[in-house]
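Participant: Starting from the known structure of chain A, fit chains B and C onto it as the hints suggest.
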Amino acid sequence: MRFRIRPVETTFYDLFAESASHLVDGANLLAQVLDPDVDRTALAEQMRDAEHQADETTHKIVKRVNSTFVTPFDREDIYRLASSLDDVMDFMEETVDLIGLYEIKELPAQFAAQVEVLQRACQLTAEAMPRLRTMKDLEEYWIEINRLENQGDRSYRRILADLFGGGYKSLEVLKLKDVVDSLEHAIDALESVANTVEQIAVKES
Amino acid sequence: MRFRIRPVETTFYDLFAESASHLVDGANLLAQVLDPDVDRTALAEQMRDAEHQADETTHKIVKRVNSTFVTPFDREDIYRLASSLDDVMDFMEETVDLIGLYEIKELPAQFAAQVEVLQRACQLTAEAMPRLRTMKDLEEYWIEINRLENQGDRSYRRILADLFGGGYKSLEVLKLKDVVDSLEHAIDALESVANTVEQIAVKES
Amino acid sequence: MRFRIRPVETTFYDLFAESASHLVDGANLLAQVLDPDVDRTALAEQMRDAEHQADETTHKIVKRVNSTFVTPFDREDIYRLASSLDDVMDFMEETVDLIGLYEIKELPAQFAAQVEVLQRACQLTAEAMPRLRTMKDLEEYWIEINRLENQGDRSYRRILADLFGGGYKSLEVLKLKDVVDSLEHAIDALESVANTVEQIAVKES
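Protein chains in written order, with our numbering: chain A, 1 to 205; chain B, 1 to 205; chain C, 1 to 205.
Don't take every hint at face value.
Straight line, CA to CA, 27 Å or less: simulated DSS-like cross-link-like pairs of lysine-lysine [unchecked claim]:
id, chain 1, residue 1, chain 2, residue 2
1, C, K63, A, K136
2, A, K169, C, K63
3, A, K169, B, K177
4, C, K177, C, K63
5, A, K105, B, K177
Rather than coming from a laboratory, the hints here were simulated on the basis of the structure.
Chain A extracted, bound-state conformation (with noise of 0.2 Å):
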């Protein structure tokens, strides 16, 4: 027979695994507005469907919490940690919307590079999230997220640069902008995660 220690717990991590693989589902959604040709009314609705699983992952984890006795770390923690995840899955969706909403035509190329700063941190994520069971090995995940994300900044700041830099008419930035905002928002709602994961590390060490 095999014990298995506080198996109440063990959803949790679970959850927070599932909250997290829907990101990258969302990331990788994201990404396909970058292609001309797709079909951006069709993408905004498979996006709003992500972004529903994502809500039912992070109301179960919230009910979790309400009739669960002993969490695995603090309450406040992990609704803090739930809903970083549930902003970053918003701020994708809002960025696919937006772009329906102003119907912009072409996004800028410097785009990209704040789209794939923003798959490569919904993956680590992803990655990281299992290991939050043992709590090990996962400095080396908020650390990368910290670079990212400071590299997604640096991305950022140039397409502003370029935005303002008299390309464009005054409407049109003032849309663009409304997107890299949105998809800055995004990133920074990624660093929230690992900052609270941070937390929680230093808390249990």
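Facilitator: Leaving out everything else, chains B and C in the frame of chain A:
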């Protein structure tokens, strides 16, 4: 003779109810901005008064936390709740002020939908605050606020699509976007209030 | 022989003082941007150096939290304080960087009023940090920061009214608004620092 248990703590509930009732007043003042014949200077003045009163209530809460040994729930949650309630008023006041500062002549028609969401959410928040005392029947409140926030988000995006649709000059777009952003932030702050109430209720249950 | 009580903890105060003193340096660098004859490229470089130094201090604080068993106040509050101080520098660096990126020729005159508020608030914060050790005479600090933030908010809105007053082209409005927003965020972050100090003081009292 009737005994009251933990008499010191009761006033926190009264103060949160007072804070939320300022929001109902503020939202009703804000709604008057939709009337093209309203005296906007006088309205901005009334809005500033409402904000000062809300500030006073917030300070009373913070002072009470400082001077009270036993609080009805975690000090941090009291701070967070008080400060989110305060944020709602700040954004409502900002909305009215921006409309005046930017000398906006006419607000887009869909603006009214967002204001209605805000009024309804303030009303529900004011009705929920007294229920913190018993922690009963709060779930319907935070579910409804989340639903309203989603509805507000859809209005918000429709407004953006319309603003960028070509019917406005870019300077006008910039101004109106600032105003709807401010309103959106007020609605988001009401969602933060609801999320904090949910977290408090979870801890207490 | 003199005994020092809780010697391990003392360095946290030194590190917070170090962090805030970087802010004073940063605010003074930022103020140079108002001089039309300053070498902006060199200034942006110095600002980036100041930001890197601030980052190092922040990392020292986080590392120390990780390796210290007894902390002078809650780990969460140490994180929040360190991260708000870090935010101030990030926004100041962003302000200078945006002015360069956007190739802004001339800053509006009222910009100086906002910079003065920022310099004064950084100075007060640096003076307050060492008082965390005794938790004495902190109230005047957070009251004054709140007063300065209100004053900064009024300057901010006057700048917005002026920007939208018709004297600027829409692209110029967009650029300048980004810059004043960034400055406003730096001031808001200083208010967050003050609010965190207030909360720490309340818990300790």
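Participant: Compare the structure with each hint and give your call.
Facilitator: Right, here's what the structure says about each hint:
no., hint, in the structure
1, K63/C <-> K136/A, "17 Å, holds"
2, K169/A <-> K63/C, "47 Å, violated"
3, K169/A <-> K177/B, "17 Å, holds"
4, K177/C <-> K63/C, "37 Å, violated"
5, K105/A <-> K177/B, "21 Å, holds"
Of the numbered hints stated above, those contradicted by the structure are hints 2, 4, listed in ascending order.
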